[in-house]
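Single-letter residue listing:
Protein chains: 2
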Amino acid sequence: MSQIQFTRNEQPKAKPDANHLGFGKYFTDHMLVMDYTEDQGWHDLQIVPYGPISLDPSAMVFHYGQEVFEGMKAYKTADGRISLFRPDMNLKRLNASCERISIPQVDPEALMEGIVELVSVDREWIPEGDDTSLYLRPFIIATEPCLGVRAAKEYKLMVILSPVGSYYPEGIHPVSIYVEDEYVRAVRGGTGMAKTSGNYASGIKAQEIAKLEGFSQVLWLDGVEKKYIEEVGSMNVFFKIGGEVITPELSGSILAGVTRDSAIALLRSWGLPVTERKLSVAELFQAARDGKLEEAFGTGTAAVISPIGTMKWGDEQISIAGGDTGEWSRKLYEAITGIQKGLLDDPFGWRQIIL
Amino acid sequence: MSQIQFTRNEQPKAKPDANHLGFGKYFTDHMLVMDYTEDQGWHDLQIVPYGPISLDPSAMVFHYGQEVFEGMKAYKTADGRISLFRPDMNLKRLNASCERISIPQVDPEALMEGIVELVSVDREWIPEGDDTSLYLRPFIIATEPCLGVRAAKEYKLMVILSPVGSYYPEGIHPVSIYVEDEYVRAVRGGTGMAKTSGNYASGIKAQEIAKLEGFSQVLWLDGVEKKYIEEVGSMNVFFKIGGEVITPELSGSILAGVTRDSAIALLRSWGLPVTERKLSVAELFQAARDGKLEEAFGTGTAAVISPIGTMKWGDEQISIAGGDTGEWSRKLYEAITGIQKGLLDDPFGWRQIIL
Ligand SMILES: Cc1ncc(COP(=O)(O)O)c(C=O)c1O
Ligand SMILES: Cc1ncc(COP(=O)(O)O)c(C=O)c1O
Numbered sequence: 001m002s003q004i005q006f007t008r009n010e011q012p013k014a015k016p017d018a019n020h021l022g023f024g025k026y027f028t029d030h031m032l033v034m035d036y037t038e039d040q041g042w043h044d045l046q047i048v049p050y051g052p053i054s055l056d057p058s059a060m061v062f063h064y065g066q067e068v069f070e071g072m073k074a075y076k077t078a079d080g081r082i083s084l085f086r087p088d089m090n091l092k093r094l095n096a097s098c099e100r101i102s103i104p105q106v107d108p109e110a111l112m113e114g115i116v117e118l119v120s121v122d123r124e125w126i127p128e129g130d131d132t133s134l135y136l137r138p139f140i141i142a143t144e145p146c147l148g149v150r151a152a153k154e155y156k157l158m159v160i161l162s163p164v165g166s167y168y169p170e171g172i173h174p175v176s177i178y179v180e181d182e183y184v185r186a187v188r189g190g191t192g193m194a195k196t197s198g199n200y201a202s203g204i205k206a207q208e209i210a211k212l213e214g215f216s217q218v219l220w221l222d223g224v225e226k227k228y229i230e231e232v233g234s235m236n237v238f239f240k241i242g243g244e245v246i247t248p249e250l251s252g253s254i255l256a257g258v259t260r261d262s263a264i265a266l267l268r269s270w271g272l273p274v275t276e277r278k279l280s281v282a283e284l285f286q287a288a289r290d291g292k293l294e295e296a297f298g299t300g301t302a303a304v305i306s307p308i309g310t311m312k313w314g315d316e317q318i319s320i321a322g323g324d325t326g327e328w329s330r331k332l333y334e335a336i337t338g339i340q341k342g343l344l345d346d347p348f349g350w351r352q353i354i355l
Numbered sequence: 001m002s003q004i005q006f007t008r009n010e011q012p013k014a015k016p017d018a019n020h021l022g023f024g025k026y027f028t029d030h031m032l033v034m035d036y037t038e039d040q041g042w043h044d045l046q047i048v049p050y051g052p053i054s055l056d057p058s059a060m061v062f063h064y065g066q067e068v069f070e071g072m073k074a075y076k077t078a079d080g081r082i083s084l085f086r087p088d089m090n091l092k093r094l095n096a097s098c099e100r101i102s103i104p105q106v107d108p109e110a111l112m113e114g115i116v117e118l119v120s121v122d123r124e125w126i127p128e129g130d131d132t133s134l135y136l137r138p139f140i141i142a143t144e145p146c147l148g149v150r151a152a153k154e155y156k157l158m159v160i161l162s163p164v165g166s167y168y169p170e171g172i173h174p175v176s177i178y179v180e181d182e183y184v185r186a187v188r189g190g191t192g193m194a195k196t197s198g199n200y201a202s203g204i205k206a207q208e209i210a211k212l213e214g215f216s217q218v219l220w221l222d223g224v225e226k227k228y229i230e231e232v233g234s235m236n237v238f239f240k241i242g243g244e245v246i247t248p249e250l251s252g253s254i255l256a257g258v259t260r261d262s263a264i265a266l267l268r269s270w271g272l273p274v275t276e277r278k279l280s281v282a283e284l285f286q287a288a289r290d291g292k293l294e295e296a297f298g299t300g301t302a303a304v305i306s307p308i309g310t311m312k313w314g315d316e317q318i319s320i321a322g323g324d325t326g327e328w329s330r331k332l333y334e335a336i337t338g339i340q341k342g343l344l345d346d347p348f349g350w351r352q353i354i355l
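Heads up: the protein sequence lines correspond to chains A and B, in order. Numbering-wise, UniProt numbering puts 232 at position 232 of the first sequence, and it's gapless, one number per residue. Numbering-wise, UniProt numbering puts 188 at position 188 of the second sequence, and it's gapless, one number per residue.
Any given hint could turn out to be false.
One copy or two, either will do: identical chains are not told apart, so a pair holds if it fits within one copy or between any two.
Stated by the list, open to error - Cross-link-like lysine to any residue pairs, in silico, SDA-like; alpha carbons within 25 Å at most:
(1) Lys156 <-> Lys205
(2) Lys211 <-> Pro145
(3) Lys227 <-> Arg188
(4) Lys205 <-> Gly252
(5) Lys205 <-> Glu99
(6) Lys76 <-> Leu343
(7) Lys156 <-> Met193
(8) Lys292 <-> Val274
(9) Lys205 <-> Trp42
(10) Lys226 <-> Ser102
(11) Lys92 <-> Glu182
(12) Lys15 <-> Val149
(13) Lys25 <-> Leu55
(14) Lys211 <-> Asn95
(15) Lys156 <-> Asp56
(16) Lys226 <-> Arg277
(17) Lys205 <-> Arg188
The hints are simulated quantities; they were obtained by calculation from the structure and are not laboratory data.
Full structure from sequences and hints, please.
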């Protein structure tokens with residue numbers, strides 16, 4: 001097992017029922033940890049039994065939120081192998097997030113090697129049912145025990161694994177969206193392009209309000225003019241208007257989704273024009289009134305493709321694709337999950353067989 | 001000791017040298033903890049030996065940043081008592097932060113009682129030198145072990161105590177400020193009015209750049225127009241221009257500082273006009289060029305008053321009050337610390353003698 005230190009969990013847990021996994025509720029028997037100090041840099045990558053970590057209450061992550069994370073999935077392929085989907089993009093984005101939050105860069109190759117070992121150790125945990133996979137959550141927290149607002153000098157990187165079912169209990173099913181025009185998730189010059197905990201904390205309240213009003217997700221507008229569409233929930237968002245697919249450009253306050261990038265490439269390969277540009281919610285609703293809004297969907301690792309059935313902005317509510325899963329949403333979902341699970345050809349070389 | 005559960009630390013630490021405390025580096029022998037579950041609400045307030053806490057790696061605080069905190073100080077007064085400064089405002093603000101971050105409200109009276117007990121238990125830790133005090137850090141973290149972006153169902157509240165010296169190694173001494181016009185700390189509709197970790201993570205990078213350029217703090221502009229002055233470092237900010245004191249209004253992206261509120265009241269009681277309004281950095285620099293910018297200072301619990309000696313915006317650098325500590329900065333510093341330490345009358349009833 002190369003030079004990675006490994007401590008086997010001698011008390012493995014019972015595996016959960018693969019039909020009721022939910023999302024992020026169960027964790028496997030092992031986890032990866034790696035520490036950073038000023039003297040040694042990143043060091044001591046280990047695979048150890050999954051279990052609680054012990055931190056000083058003054059650990060900086062508890063006070064000043066220096067944290068970044070990633071999310072990706074491992075799949076059992078049709079021929080019994082194990083694949084990841086474009087993990088290089090996740091590791092690159094992890095370092096981009098680190099850069100924004102002043103966390104030291106991680107060697108992507110060493111981390112990738114550790115991740116492969118970890119998945120290998122816990123491979124029995126990868127569920128096999130439809131819409132299931134093993135979710136990988138790498139994250140880094142500032143552990144230095146000090147109350148001073150500055151970059152920490154000590155960090156811990158961990159990777160934990162969770163067997164998951166559909167992100168939405170209903171599976172691929174149109175969601176209802178509420179256009180949020182009071183609360184803001186991120187702003188140009190802020191941290192929206194980084195995968196860092198504070199972005200998510202800031203979104204919880206709006207999401208609770210949307211739920212109370214009967215909607216399942218929030219559509220975020222830009223923080224400057226509250227006019228342009230940014231993301232939906234924790235997903236990037238696409239609209240098909242008059243035969244053209246439009247998705248918000250990566251302006252600095254939007255996360256550069258791996259699924260977003262993949263959806264753009266696939267749609268283009270199918271001959272559909274895709275434009276990355278600013279799209280105002282007013283333009284979108286006008287297109288809906290004119291009968292030109294043909295389809296809308298969110299993209300993200302957790303749900304892959306999330307068709308949008310209805311959308312409410314102020315007093316106006318629109319229905320999209322008759323409230324159903326549109327043609328291209330379904331095609332994308334099938335293409336991406338097909339590539340991930342080894343059921344389809346992989347023309348872009350996205351599937352990475354690791355075991 | 002009322003109904004608070006107390007476990008004495010049987011291995012008390014040696015106290016640090018009162019002349020080299022720094023800020024937030026040493027912690028006392030005990031801490032307060034209280035847990036929240038959906039069933040029981042906040043319960044089990046305890047005072048226990050200071051020490052590490054154990055959390056599942058999937059604890060939501062590590063991923064989605066649901067966290068709020070406060071900062072206040074306890075002082076030994078001239079006649080040997082122990083005082084806090086307007087702690088009711090901190091507890092009110094804690095709950096305001098909780099509201100924004102969807103954390104359940106805390107009973108301020110129960111928490112206050114716990115804080116008094118905790119300070120009492122560790123009263124020997126309150127340093128007595130000039131510019132020293134015992135810093136109190138209440139904070140709340142989401143502890144539920146689950147990877148789902150929503151409000152957690154389990155939380156832990158803690159209060160830790162740190163004997164501190166001057167926040168700035170130089171003591172009350174003019175600082176140099178860099179006007180940040182790329183990175184943004186907070187925006188209207190975001191979380192700037194809450195004391196939550198994500199706001200601080202987002203500011204670290206700009207602060208590092210400022211340090212590299214030889215400045216000690218960043219002046220933040222509003223996230224929408226990048227035109228109006230918001231805060232400086234982790235402080236509110238005041239300017240005296242042509243005899244009038246101006247401080248940014250509480251627009252929603254600025255923290256409502258306890259020191260800010262106190263400075264406004266004191267300045268007004270001394271007959272100075274104080275206006276809370278939008279102030280653009282262009283207006284400020286014009287006032288400086290016109291010779292009307294008489295004084296500038298930051299306010300905050302950590303440093304109390306931090307005079308601003310120089311300020312750089314783009315290519316222009318101005319010197320304020322001859323680069324020295326201005327008259328009103330000094331008066332405010334002496335008035336506030338005098339009230340805190342029981343050396344001066346307390347006309348507003350801000351000093352709360354707790355022991
Ligand atoms: C805010 C946000 N936007 C978009 C995405 C989609 O990114 P990806 O497709 O890489 O999962 C995520 C993560 O899943 C996210 O957290
Ligand atoms: C962002 C920010 N602004 C202003 C302040 C000043 O608030 P207070 O005077 O209550 O300490 C603080 C905290 O110290 C802060 O963190």
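Against the structure, the hints:
1. Lys156 <-> Lys205: The answer is between: 19 Å across copies meets 25 Å, while 29 Å in one copy does not.
2. Lys211 <-> Pro145: Between copies only: 22 Å across, 38 Å inside.
3. Lys227 <-> Arg188: both (14 Å within a copy, 14 Å between copies)
4. Lys205 <-> Gly252: both (23 Å within a copy, 15 Å between copies)
5. Lys205 <-> Glu99: between (27 Å within a copy, 8 Å between copies)
6. Lys76 <-> Leu343: within (11 Å within a copy, 72 Å between copies)
7. Lys156 <-> Met193: Answer is within; shortest intra-copy Cα gap is 22 Å, inter-copy 29 Å.
8. Lys292 <-> Val274: within (16 Å within a copy, 55 Å between copies)
9. Lys205 <-> Trp42: between (36 Å within a copy, 20 Å between copies)
10. Lys226 <-> Ser102: between (28 Å within a copy, 22 Å between copies)
11. Lys92 <-> Glu182: between (33 Å within a copy, 23 Å between copies)
12. Lys15 <-> Val149: For Lys15 and Val149, the Cα distance is within 25 Å only across copies (24 Å; inside one copy 42 Å).
13. Lys25 <-> Leu55: both (22 Å within a copy, 15 Å between copies)
14. Lys211 <-> Asn95: For Lys211 and Asn95, the Cα distance is within 25 Å only across copies (22 Å; inside one copy 33 Å).
15. Lys156 <-> Asp56: Classified as both; 13 Å inside a copy, 14 Å across copies.
16. Lys226 <-> Arg277: Both. Shortest intra-copy (16 Å) and inter-copy (23 Å) distances satisfy the 25 Å Cα cut-off.
17. Lys205 <-> Arg188: both (21 Å within a copy, 15 Å between copies)
In this structure, every one of the numbered hints holds.
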